[in-house]
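Engineer: Chain by chain, the residues run as shown.
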Amino acid sequence: MHEIENHYLLSKGLHLNYSIITDMIDSGSNVLDLGCGDGSLMKMLKDKGVFVSGIDINEDNIVKCLEKGLSVIQGNIDKGLHEYPDNSYDYVILNQTLQSTEKPNYVIKEMLRVGKKIVVSFPNFAYWRIRFYLLLNGKMPKSNILPFEWFNTPNIHLLTIKDFFDFAKKHNFKIEQKILMTRAKIKNDFLHKKFNNLLTEEVMFVCSQK
Amino acid sequence: MHIVETKYFKINEPISLESGRELKNVEVAYETYGELNKDCDNAILLLHALTGDAHAAGYHEGDKKPGWWDDMVGSGKAFDTDKYFVICSNMLGGCKGTTGPNSINPDTGKEYGLTFPVITIEDVVRVQKKLIDFLGVKKLTVAGGSMGGMQALEWALAYPDMVSHVIVIASTPRLSAQSIAFNAVGRNAILSDPNFNNGDYYHGEKPEKGLAIARMVGHITYLCEEAMHEKFARRFQDKDSPNFNFDIDFEVESYLAHQGQTFVDRFDANSYLYITKAVDYFDIAKKYGSLEKAFENTKSKYLVISFSSDWLFPSAQSMELVNALMKNKKDVSYCEIQSPCGHDAFLLEYETQTKIIRSFLCTK
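Protein chains in written order, with our numbering: chain V, -14 to 195; chain P, 37 to 400.
Fair warning: there could be bad hints in the mix.
Think about it this way: if two alpha-carbon atoms lie no more than 20 angstroms apart in a straight line, the pair counts; the simulated SDA-like pairs of lysine to any residue are [what the hints assert, rightly or not]:
hint, chain 1, residue 1, chain 2, residue 2
1, V, 172, V, 133
2, V, 170, V, 153
3, P, 363, V, 60
4, V, 31, P, 364
5, P, 391, V, 170
6, P, 391, V, -3
7, P, 366, V, 132
8, V, 64, P, 352
9, P, 329, V, 70
10, V, -3, V, 170
11, P, 365, V, 14
12, P, 113, V, 52
13, P, 335, V, 178
14, V, 178, V, 114
15, P, 275, P, 291
16, P, 391, V, 14
17, V, 49, P, 291
18, P, 322, P, 391
Ranges of calculated distance between the beta carbons of each label pair, as one might list FRET restraints [said to hold, decoys possible]:
hint, chain 1, residue 1, chain 2, residue 2, range
19, P, 298, V, 32, 31 to 41 angstroms
20, V, 45, P, 41, 48 to 58 angstroms
21, V, 133, P, 328, 23 to 33 angstroms
22, V, 91, P, 328, 47 to 57 angstroms
23, V, 134, P, 38, 28 to 38 angstroms
24, P, 267, V, 161, 53 to 63 angstroms
25, P, 217, V, 32, 23 to 33 angstroms
26, P, 295, V, 8, 43 to 53 angstroms
27, P, 267, V, 152, 44 to 54 angstroms
Counterexamples of contact, computed for chain P against chain V with all Cβ distances above 12 angstroms [claimed, not checked]:
hint, residue
28, 212
29, 337
30, 338
31, 342
32, 360
33, 367
34, 398
35, 399
The set of hints was computed from the structure by calculation and includes no laboratory data. Think of the CB as a built atom: it goes at the ideal place given N, C-alpha and C, for glycine as much as any other residue.
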């Protein structure tokens, strides 16, 4: 039962991310989706009239994107985006993938170079349930959006909302917008705004070069 | 697939070539599989590699081996003959039924030999276009591996309104110096064979040694270190110790000798010269000023596939092509298939290619 609920929340959460991004981006924009997976988000964007292409490392994902009629390039985003000229996209998206990259700082730097705006989302490791999990169990936290064991998790660079703010300051880029999400819902309430690092399960940032 | 037959199409008007010369009475050998639909837009033209022919799929009467891409062409396969009208023709300059140096020159009544004009990939495609028009095709997908991929690119550039989808496999927009070098060694082997006789050997001994050596060099480039190690390692051929002479010792030597020997029975040395030259000359970046400029006015959807261990047409060259297309905001997809088979992978790794190509074509 618990597992079914988790799965439900996970897919609902993903869907929420997709809707937020699709609503945010105007039709006619040029978009690059890094780590585009099976192309679900790209399909939604394409149906809206956005020119979108994706990069993914996994062959099966390439096939799934092709089946949806999407344009997809097999590649490793950790190796950078040097084939892409500066400012060549209106948006570069990294949805739920930052924590799985080998060199997150390099990936963000490249995204900011190639995109006029970047969209980055990740699970907030300072979310209170995660803090309690570690405190009470003394084990690596697992949740609906972090379902892996410590030894097989692709999430090798977990971070918190605070970490990202520090990171933006240090690397001198602008955070234009942040969207807080908990249990697959957008949170705008006072408490979430005040204690975002504690109460937010997942966050999405829209950033740009200063 | 069942029994298929090679058909022939005669082009009545002369073909003007890039070199400025003309060819008369050009004949094209071709095969088709599946049916052309009412709108005449379900055609797929398959473009063969260096030594291929029109016989891509099915069996010829009495043959034990099917066509060269039979794994990929047929009912339910990558190029699904239930859905598509698949066409394959022998290239201009070849020796498998289409006019080439071993054809009779109508002006002299003798084989062309080296009087055959030097041809380019552009010329090859121009001849294919005549066939496509003759078959009544209005819109098509073009697909090819290696040199076939070059022809696919040329199709997209020359006939942007006709080509809906382009599939370029283990190919390149231009050869590297290294690949030209290997072709040059092959040509030199042929040209220096005592039987070559300036290309006029059709009624006597043929330059078999030269052609066999050319093929041996070719086969080294189609494999890779890993594939060779897998296949042969350092094993001796049918024994455990060396001969202490210059006969064949190693399995790899025996393999190359066999490849060379079987090749001379099925291929014409002059064709080898002409076709490798056409491949060497192909350079869209030079022709259009840059790769990016070349694709400015094309309208097709592209699928580019490369293989990780292919060092003859390496992934980096495919990536260069993909980048040029991306910079033009063209609809392009790219996949690098992990394979230990070297350049040959495009004929061997059909399962992964089938998945990728079928999904690319399914939204057609």
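Engineer: Taking the hints in turn, state whether each one holds.
Structural biologist: We went through each hint and held it up to the structure:
This hinted pair does not check out: residue 172 of chain V and residue 133 of chain V have alpha carbons roughly 26 angstroms apart, beyond 20 angstroms. Between residue 170 of chain V and residue 153 of chain V, the direct Cα distance comes to roughly 25 angstroms. Violation of the 20 angstroms bound is thereby established for this hinted pair. At most 20 angstroms may separate the alpha-carbon atoms for a hinted pair to count; residue 363 of chain P and residue 60 of chain V meet this at roughly 16 angstroms. Restraint check: the Cα-Cα separation between residue 31 of chain V and residue 364 of chain P comes to about 18 angstroms, which is no more than 20 angstroms; the hinted pair holds.
Distance hint between residue 391 of chain P and residue 170 of chain V is unfulfilled; the C-alpha atoms sit about 37 angstroms from each other, more than 20 angstroms. Note on residue 391 of chain P and residue -3 of chain V: the hinted pairing is violated, with a Cα-Cα distance of about 29 angstroms set against a maximum of 20 angstroms. A C-alpha spacing of about 38 angstroms is found between residue 366 of chain P and residue 132 of chain V, which places the hinted pair above 20 angstroms, so the restraint is violated. For the hint pairing residue 64 of chain V with residue 352 of chain P, the CA-to-CA distance comes to about 14 angstroms; that is within 20 angstroms, so the pair holds.
For the suggested pair residue 329 of chain P and residue 70 of chain V, the alpha carbons sit about 16 angstroms apart, so the restraint of at most 20 angstroms is met. Restraint check for residue -3 of chain V and residue 170 of chain V: the C-alpha separation of about 9 angstroms stays at or below 20 angstroms, so the hint holds. Distance hint between residue 365 of chain P and residue 14 of chain V is fulfilled; the C-alpha atoms sit about 12 angstroms from each other, no more than 20 angstroms. Annotation: proposed proximity of residue 113 of chain P to residue 52 of chain V holds, straight-line Cα distance about 16 angstroms (limit 20 angstroms).
Between residue 335 of chain P and residue 178 of chain V the CA atoms are separated by roughly 49 angstroms; this puts the pair beyond 20 angstroms, and the hint is violated. For the suggested pair residue 178 of chain V and residue 114 of chain V, the alpha carbons sit about 17 angstroms apart, so the restraint of at most 20 angstroms is met. Between residue 275 of chain P and residue 291 of chain P the CA atoms are separated by roughly 15 angstroms; this keeps the pair inside 20 angstroms, and the hint holds. Between residue 391 of chain P and residue 14 of chain V the CA atoms are separated by roughly 30 angstroms; this puts the pair beyond 20 angstroms, and the hint is violated.
Annotation: proposed proximity of residue 49 of chain V to residue 291 of chain P is violated, straight-line Cα distance about 40 angstroms (limit 20 angstroms). Using a Cα cut-off of 20 angstroms, the hinted pair residue 322 of chain P and residue 391 of chain P is violated, with the two alpha carbons roughly 34 angstroms apart. Taking the beta carbon of each, residue 298 of chain P and residue 32 of chain V are about 53 angstroms apart, not inside 31 to 41 angstroms as hinted. The hinted range of 48 to 58 angstroms is not satisfied by residue 45 of chain V and residue 41 of chain P, whose Cβ atoms lie roughly 39 angstroms apart.
Between residue 133 of chain V and residue 328 of chain P the C-beta distance comes to about 42 angstroms, which lies outside the given range of 23 to 33 angstroms. For residue 91 of chain V paired with residue 328 of chain P, a C-beta distance near 26 angstroms fails the hint of 47 to 57 angstroms. A hinted range of 28 to 38 angstroms is violated for the C-beta pair residue 134 of chain V and residue 38 of chain P, which are about 54 angstroms apart. For the hinted restraint 53 to 63 angstroms between residue 267 of chain P and residue 161 of chain V, the CB-CB distance of approximately 57 angstroms keeps it satisfied.
Taken as a hint, the range 23 to 33 angstroms is violated for the pair residue 217 of chain P and residue 32 of chain V, whose Cβ atoms sit roughly 49 angstroms apart. Between residue 295 of chain P and residue 8 of chain V, the C-beta spacing of about 60 angstroms breaks the proposed range 43 to 53 angstroms. Between residue 267 of chain P and residue 152 of chain V, the C-beta spacing of about 51 angstroms keeps the proposed range 44 to 54 angstroms intact. At roughly 18 angstroms from the closest C-beta of chain V, the C-beta of residue 212 of chain P stays outside 12 angstroms, upholding its exclusion from the interface.
With a least beta-carbon separation of about 8 angstroms from chain V, residue 337 of chain P fails to lie farther than 12 angstroms from that chain, contradicting its non-interface assignment. Not every beta carbon of chain V lies more than 12 angstroms from that of residue 338 of chain P, the smallest distance being close to 9 angstroms; the non-interface claim is violated. Consistency note on residue 342 of chain P: stated as away from chain V, yet its beta-carbon is not over 12 angstroms from all of that chain's, at 9 angstroms minimum. Residue placement check: residue 360 of chain P does not keep its beta carbon more than 12 angstroms from all beta carbons of chain V (closest about 10 angstroms).
For residue 367 of chain P, the requirement that its beta carbon stay farther than 12 angstroms from each beta carbon of chain V is not met, with the minimum near 5 angstroms. The Cβ of residue 398 of chain P does not lie farther than 12 angstroms from every Cβ of chain V; its closest approach is about 6 angstroms, which violates its non-interface assignment. With 12 angstroms as the threshold on Cβ separation, the claim that residue 399 of chain P sits away from chain V is violated: the shortest Cβ distance comes to roughly 3 angstroms.
Of the numbered hints stated above, those contradicted by the structure are hints 1, 2, 5, 6, 7, 13, 16, 17, 18, 19, 20, 21, 22, 23, 25, 26, 29, 30, 31, 32, 33, 34 and 35, listed in ascending order.
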